[in-house]
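A.B. asks: Spelled out from the first residue to the last, the chains are:
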Amino acid sequence: MNKKESPMLVSNLELVPGKRVTAHFGIVQGSTVRAKHVGKDIFAGLKNIVGGELKGYTELMQEAREESIQRMIAEAESMGANAILNVRFATTSIAAGAAEILAYGSAVRLEDI
Amino acid sequence: MLDLIQIGIFLALLAIGYFAGSIVERRHYASIRQRERAYADVLAFMVRFPPDRVTPQRAFLVHGTVVVSSDYFKTFVASLRNLFGGRFRSYETLMERARREALLRLKADARRRGAKLVVCVRFETTTISSGWAPSMEVFAYGTALIPEGEAGAQSSGRSRLLGDGYARYAQPGP
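Note that the protein sequences, when read in sequence, are chains S and H. Quick note, the first sequence lines up with residues 7 to 119 if you use our numbering. Quick note, the second sequence lines up with residues 833 to 1006 if you use our numbering.
Calculated from the structure, these hints are not laboratory results. Note that CB positions come from ideal geometry on N, CA and C, so glycine has one too. Please note that a few of the clues may not be correct.
Computed beta-carbon distance windows for the label pairs [unchecked claim]:
id: 1; chain 1: H; residue 1: I841; chain 2: S; residue 2: A96; range: 37 to 43 Å
id: 2; chain 1: H; residue 1: T959; chain 2: S; residue 2: E117; range: 38 to 44 Å
id: 3; chain 1: H; residue 1: R945; chain 2: S; residue 2: S84; range: 24 to 30 Å
id: 4; chain 1: H; residue 1: L912; chain 2: S; residue 2: L52; range: 20 to 26 Å
id: 5; chain 1: S; residue 1: S37; chain 2: H; residue 2: Q838; range: 40 to 46 Å
id: 6; chain 1: H; residue 1: R880; chain 2: S; residue 2: G32; range: 20 to 26 Å
id: 7; chain 1: H; residue 1: F881; chain 2: S; residue 2: L52; range: 44 to 50 Å
id: 8; chain 1: H; residue 1: F881; chain 2: S; residue 2: S37; range: 25 to 31 Å
id: 9; chain 1: H; residue 1: G946; chain 2: S; residue 2: K61; range: 22 to 28 Å
id: 10; chain 1: H; residue 1: T957; chain 2: S; residue 2: V39; range: 15 to 21 Å
id: 11; chain 1: H; residue 1: I839; chain 2: S; residue 2: S37; range: 44 to 50 Å
Make the full structure from the sequences, and use the hints.
C.D. replies: The following block contains the structure:
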C-alpha cells in the first residue's frame, strides 16, 4: 500500500468508494486565527493600487489552512479515527489582515470492503 | 495649491492603476490560459459520488488558494458604477481570474501528489478587508483519487481511470 503521507484519510467526499464506514466518532474541527505583520499589510496596501495577487495574504491563508487541517487531524487521531470525511472549510475575516480559518468534518473508522 | 496637489495625486494613482492594472491583468490571463492547457489532463469534477468503476487506493484532500486585489482604477470605476447599478465588469474579470487561478492551483496540488482526478470540487470566497480596495480570497478544494494499480505520478491509464462515461470529458493535451 502507498501510504507515505499521514495515515489519516482526509476527504470532502461523503463516502469513499471501495471503503465502508464502521464507526462514527462525531464532528472534529480545527481552527486558527492568523495575521501578517504590519510590513506585509503596508505592502498589500501599496499593491492595492496596481491590483493583482497579494502573495503575502495567499501565503497566510495557505499556512492557516494547513494548520487548521493539522489540528483537525490531531483531534481525530485522539479519538481513534482513521479518516475524516465530509470536510468543509469556513473563513471569517475578524479584523483588517486577520482571519479565522476553520476546518471541520466527521471522524470515522474506515475499512476496506 | 493643496487642492491641486491632491487632485494631481489622485489622477496619478488613477493612471498608475489603469496602466499597471491592465498590464497585470493581461499577463495573468495569458499565464492562466497557458497553464490551463498544461493541466488539461488533470480532471476536476463537482460530483459528490465518484464513478463506480473507480476504486481508489488513495483519496486525499487537495486545495488551491489565491488572494486577489482590485486596483485603484477598478475601485474608482466601481464606486461610480455603484451610483447607477448594473454590471461591474471590472470586478467580474477580477473574480473570474481568481476562480480560474484557484482551480489551477488545486490541479497543480493534485498533480504534484500524483493524482489526475479530483472530485467533489468546491469553491469558497471570502472578502479580506485590507485597506480601501477590496481583496478577495478564492479557495478551491476537492478530493483527489488515485485508482488502484496506479501507484504514483506516472499513471497513464486515463480511460481505465475515468470509465467510459467520463472519457468524453477528457480534453486532448497540448
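A.B. asks: The hint says 37 to 43 Å between I841 of chain H and A96 of chain S; measuring C-beta to C-beta, is that right?
C.D. replies: holds (40 Å)
A.B. asks: For the hint 44 to 50 Å, verify it against the beta carbon of I839 of chain H and that of S37 of chain S.
C.D. replies: With Cβ atoms ~46 Å apart, the hint holds.
A.B. asks: Kindly confirm whether 40 to 46 Å is satisfied by the beta carbon distance between S37 of chain S and Q838 of chain H.
C.D. replies: holds (44 Å)
A.B. asks: Please check whether T957 of chain H and V39 of chain S have a Cβ separation lying inside 15 to 21 Å.
C.D. replies: With a Cβ separation near 19 Å, T957 of chain H and V39 of chain S satisfy 15 to 21 Å, so the hint holds.
A.B. asks: Note whether the CB distance of F881 of chain H and S37 of chain S lies within 25 to 31 Å or breaks it.
C.D. replies: Holds: the Cβ-Cβ distance is about 28 Å, inside 25 to 31 Å.
A.B. asks: Check the following: the C-beta atoms of L912 of chain H and L52 of chain S are separated by a distance inside 20 to 26 Å.
C.D. replies: Since L912 of chain H and L52 of chain S have Cβ atoms about 23 Å apart, the given range 20 to 26 Å holds.
A.B. asks: Okay, F881 of chain H versus L52 of chain S on CB: inside 44 to 50 Å?
C.D. replies: holds (46 Å)
A.B. asks: Taking 38 to 44 Å as the hint, is the beta-carbon distance of T959 of chain H and E117 of chain S inside that range?
C.D. replies: holds (42 Å)
A.B. asks: Could you check the hint for me, namely that R880 of chain H and G32 of chain S are 20 to 26 Å apart, CB to CB?
C.D. replies: Given range 20 to 26 Å: holds, Cβ gap about 21 Å.
A.B. asks: If you check the beta carbons of R945 of chain H and S84 of chain S, does the distance land in 24 to 30 Å?
C.D. replies: About 26 Å separates the Cβ atoms of R945 of chain H and S84 of chain S, which means 24 to 30 Å holds.
A.B. asks: Between G946 of chain H and K61 of chain S, does the beta-carbon spacing fit 22 to 28 Å?
C.D. replies: holds (26 Å)
Comparing the model with each numbered hint stated earlier shows that all of them hold.
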